[in-house]
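Novice: Spelled out, the chains give:
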Amino acid sequence: MKRRVMLDYSLGEGWLARWLDGLRDGKAVASTCATCDETQFPPLRVCPTCRQRSDGWRTLGGGATVQFRTNGSDGDIAMVRFDGASNACIARAEALPQGATRCALATSPDDRPFLALKAESET
Amino acid sequence: MVLVIGAAQTLFNRRRDGSSFRDWACEAFDAALAMSGIDRADIDALIVASESDFFTLQLNPASILVQDLGLCGAQTLRVEGGGATGQLAVHAGVERILSGRARHVAVVGVDPSASALAGDSIRELYGYSFDFWTDGLCGVTATGLYALSWQAFAARHGGTGADLNAVTVKNRENALLNPNAHLPRQHDPAEFATSPMIASPYCRLHCSPLSDGAAVLILSSPDAAPDIRRKTAPRISGIGAASDLPGLGHRADPGAFSAKTMAAGRAMTMAGISISSIAVAEVYDAYAGAELQAVAALGLAKDPVRAFRDGEFAPEGRCPVNLSGGLMGQGAPVGATGVGQTATCALMLEGRYHAGLQPNAPLGHALADTHGGVGTTCAVTTLSAGASA
Numbered sequence: 000m001k002r003r004v005m006l007d008y009s010l011g012e013g014w015l016a017r018w019l020d021g022l023r024d025g026k027a028v029a030s031t032c033a034t035c036d037e038t039q040f041p042p043l044r045v046c047p048t049c050r051q052r053s054d055g056w057r058t059l060g061g062g063a064t065v066q067f068r069t070n071g072s073d074g075d076i077a078m079v080r081f082d083g084a085s086n087a088c089i090a091r092a093e094a095l096p097q098g099a100t101r102c103a104l105a106t107s108p109d110d111r112p113f114l115a116l117k118a119e120s121e122t
Numbered sequence: 000m001v002l003v004i005g006a007a008q009t010l011f012n013r014r015r016d017g018s019s020f021r022d023w024a025c026e027a028f029d030a031a032l033a034m035s036g037i038d039r040a041d042i043d044a045l046i047v048a049s050e051s052d053f054f055t056l057q058l059n060p061a062s063i064l065v066q067d068l069g070l071c072g073a074q075t076l077r078v079e080g081g082g083a084t085g086q087l088a089v090h091a092g093v094e095r096i097l098s099g100r101a102r103h104v105a106v107v108g109v110d111p112s113a114s115a116l117a118g119d120s121i122r123e124l125y126g127y128s129f130d131f132w133t134d135g136l137c138g139v140t141a142t143g144l145y146a147l148s149w150q151a152f153a154a155r156h157g158g159t160g161a162d163l164n165a166v167t168v169k170n171r172e173n174a175l176l177n178p179n180a181h182l183p184r185q186h187d188p189a190e191f192a193t194s195p196m197i198a199s200p201y202c203r204l205h206c207s208p209l210s211d212g213a214a215v216l217i218l219s220s221p222d223a224a225p226d227i228r229r230k231t232a233p234r235i236s237g238i239g240a241a242s243d244l245p246g247l248g249h250r251a252d253p254g255a256f257s258a259k260t261m262a263a264g265r266a267m268t269m270a271g272i273s274i275s276s277i278a279v280a281e282v283y284d285a286y287a288g289a290e291l292q293a294v295a296a297l298g299l300a301k302d303p304v305r306a307f308r309d310g311e312f313a314p315e316g317r318c319p320v321n322l323s324g325g326l327m328g329q330g331a332p333v334g335a336t337g338v339g340q341t342a343t344c345a346l347m348l349e350g351r352y353h354a355g356l357q358p359n360a361p362l363g364h365a366l367a368d369t370h371g372g373v374g375t376t377c378a379v380t381t382l383s384a385g386a387s388a
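Chains X and H, in that order, are what the protein sequence lines are. Letter 16 of the first sequence, counting from 1, is numbered 15 in numbering that gives the first Met the number 0, and no numbers are missing. Letter 188 of the second sequence, counting from 1, is numbered 187 in numbering that gives the first Met the number 0, and no numbers are missing.
In short, the hints are calculated from the structure, not lab data. Using N, Cα and C, we set each Cβ at its ideal position, and we do this for glycine too. There could be a bad hint or two in this list.
Said to hold, decoys possible - Rough simulated footprint, nothing fancy, chain H against chain X, three-plus residues with beta-carbon under 8 Å:
hint : stretch
1    : 35-43
2    : 85-97
3    : 113-119
Please work from the sequences and hints to get the whole structure.
Specialist: In structure tokens:
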């Protein structure tokens with residue numbers, strides 16, 4: 000039995016809209032917690048340290064340091080920490096030279112905002 | 000405590016025989032029911048573990064399985080928790096009995112994870128197992144995230160590619176004696192060098208297969224119908240679950256399965272035992288390195304890599320891990336995986352497991368460990384041998 004289902008989703012972006020808009024503009028928009036001075040990128044609605052509601056937004060510089068990187072047929076992915084962030088994040092790294100330890104946020108397409116990296120010298 | 004009076008699973012593999020997930024659920028249920036010695040009418044509740052309606056193309060799968068299994072009238076519940084789906088369903092069944100809402104519960108884990116969809120579709124769907132808004136949108140796969148987590152673990156604990164190969168060899172060789180296994184293999188070490196790289200350092204051989212299949216447990220209250228209970232029926236002595244932040248980068252240590260440590264602690268506190276009591280363990284080895292990460296998180300060894308290299312988790316070791324072959328060798332029909340792990344432990348504790356894999360010495364306690372995401376949704380179950388086993 001064969002059955003084909005095609006699904007076209009329209010997803011509201013909710014409280015993450017500021018972060019997603021930042022990716023579309025090539026800006027690293029992070030959430031902040033005044034209580035414990037944490038900056039989360041990607042943002043978290045509740046600070047993982049003090050469990051208080053994150054209370055603001057901050058645009059980071061956009062530079063980042065590579066912590067771990069993997070590549071193969073499933074693509075080129077890195078775990079990086081953006082300057083000024085309290086945490087690391089996962090990002091696509093195809094445009095980043097192998098062996099690079101520094102990188103920067105690339106601009107995303109409007110219809111699919113996602114974290115992608117480029118060489119830091121391109122900033 | 001809760002008795003396991005029936006335990007069975009189907010072959011885990013990629014079905015090419017035209018059968019459906021409904022057939023597999025019935026096959027495993029009939030076998031477990033026959034082992035239990037109770038009748039369909041005795042079953043008060045059906046708990047269904049099924050990870051994704053995208054695989055079955057059936058919303059509310061419990062509503063059709065209660066019909067196929069002849070259990071209409073029973074309470075039904077469908078459980079989903081990513082890779083932990085099956086183990087969380089076991090927990091739900093245990094809780095039904097401990098709360099007094101049911102005397103006998105059937106826990107049915109089933110998924111057509113291998114044959115229903117093409118590989119690219121499955122890969123995309125599993126990308127949504129993580130935070131879609133962050134990781135999913137960037138197109139990262141499960142293999143990519145596990146690879147990054149392993150790198151963080153290896154940086155701290157010293158694991159190497161040779162360890163990944165050795166875990167793979169161990170589990171697939173264990174599977175050679177498991178007639179229900181998807182990938183029973185004896186790997187030549189040279190195979191690893193030519194296996195396609197999926198997400199470094201994970202090559203294809205380091206990845207568990209997605210499988211079709213089902214597993215079923217029949218759980219019973221010790222107070223229910225004493226004439227039908229075998230004295231040797233093993234007990235579920237502890238259940239524990241916990242969660243972590245889904246984003247690896249948000250965690251203090253992206254290589255540590257911290258929620259698994261919490262889940263195991265909760266299960267063992269409930270059971271009143273320590274990890275040193277565990278004689279055999281079925282742990283969640285979706286990838287070769289994940290087994291060592293799980294061993295570390297569960298506390299099965301202070302130096303997990305050294306202990307593995309010393310053979311402590313080999314079939315003849317101090318605490319054999321994944322005698323069934325684990326996900327790497329036995330396979331992974333996701334909803335059935337955790338139910339199958341618990342069934343494996345129960346059968347071993349009662350001395351009913353496959354010849355050649357059944358430990359020779361009587362066993363006291365066993366542990367089944369599963370997680371969804373990369374150690375995000377964690378569920379651990381401890382089992383103890385029956386009084387006369």
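Novice: Are there at least three residues in the stretch 85-97 of chain X whose beta carbon sits under 8 Å from a beta carbon of chain H?
Specialist: Three-residue rule met by the stretch 85-97 of chain X, so holds; n is 6.
Novice: Count the residues of the stretch 113-119 of chain X with a beta-carbon closer than 8 Å to any beta-carbon of chain H: does the count reach three?
Specialist: It holds, with 3 qualifying residues against the three required.
Novice: For the stretch 35-43 of chain X, count the residues whose Cβ lies under 8 Å from any Cβ of chain H; is that count three or more?
Specialist: Three-residue rule met by the stretch 35-43 of chain X, so holds; n is 3.
When the structure is compared with the earlier hints, no violation turns up for any of them.
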